[in-house]
Amino acid sequence: MRNILILLLAVFLLNACDLFTVRDADPPGSPAPWNDFATTWQLALQNLEYCYEDNRNAVRYTGILRPEFRFYFAPQDISDFSVPNSWTRAEEQDMLQLLHTRYRNMDVELSAVDQADVISANSVILYRQYALSGVLRNGDGSRVSLATGKLELHYRLEYGYWYIDKWYDYRGSTGSTWGKLKHENY
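Each residue of the sequence shown is one higher than the one before, counting from 404 in this note's numbering.
Be aware that one or more of the hints could be misleading.
Cβ-Cβ distance ranges computed for the label pairs, FRET-style [what the hints assert, rightly or not]:
1) L408 to G432: 44 to 50 Å
2) D427 to N488: 53 to 59 Å
3) E456 to D543: 20 to 26 Å
In short, the hints are calculated from the structure, not lab data.
These numbers were taken from a predicted model, which means no experiment stands behind them.
All residues carry an ideal CB built from backbone N, CA and C; glycine is no exception.
Using the sequences and the hints, build the whole thing.
Below, the structure is given as structure tokens:
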């Protein structure tokens, strides 16, 4: 009799906490912004921004880079901070994963400079000024400037899609470069 009372009490308690009731499914979240088919260099450039701005795209980062991709650090950073001359696509991927664990809500601003882009049928060289900001995950929630400077992106068209082939970083008049930020987060 005692076992039956314990069993009934257990069933009553489990029923009281709505364990057996059917609930509605949570609505799906919005997908990460992404251009599945970067058939123009503009879409490929936008995907670069998406990789930094939405951490769900970090795993797609190497997909926008050619296998022979090289990132070239600013000459001043090489001499001032002992960073390497360049690094590869694998190092870029590792860096971005770690960067997203340290910062959230990153924002990439790319603006044209007075140097004209070089655009041909199968390759593009873009010259941009950049500003990268974000919020430190363990910080007080305020937005901080992460990097400013200039860059030179070399894109190549392969099999109908655009990929970054080379990325040159240049120090601007103030702030820390994108390359220095990358090196600190590797």
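* Kindly indicate which numbered hints from before are broken by the structure, ordering the numbers from low to high. => Hints that this structure does not satisfy do not exist here, as all of them hold.
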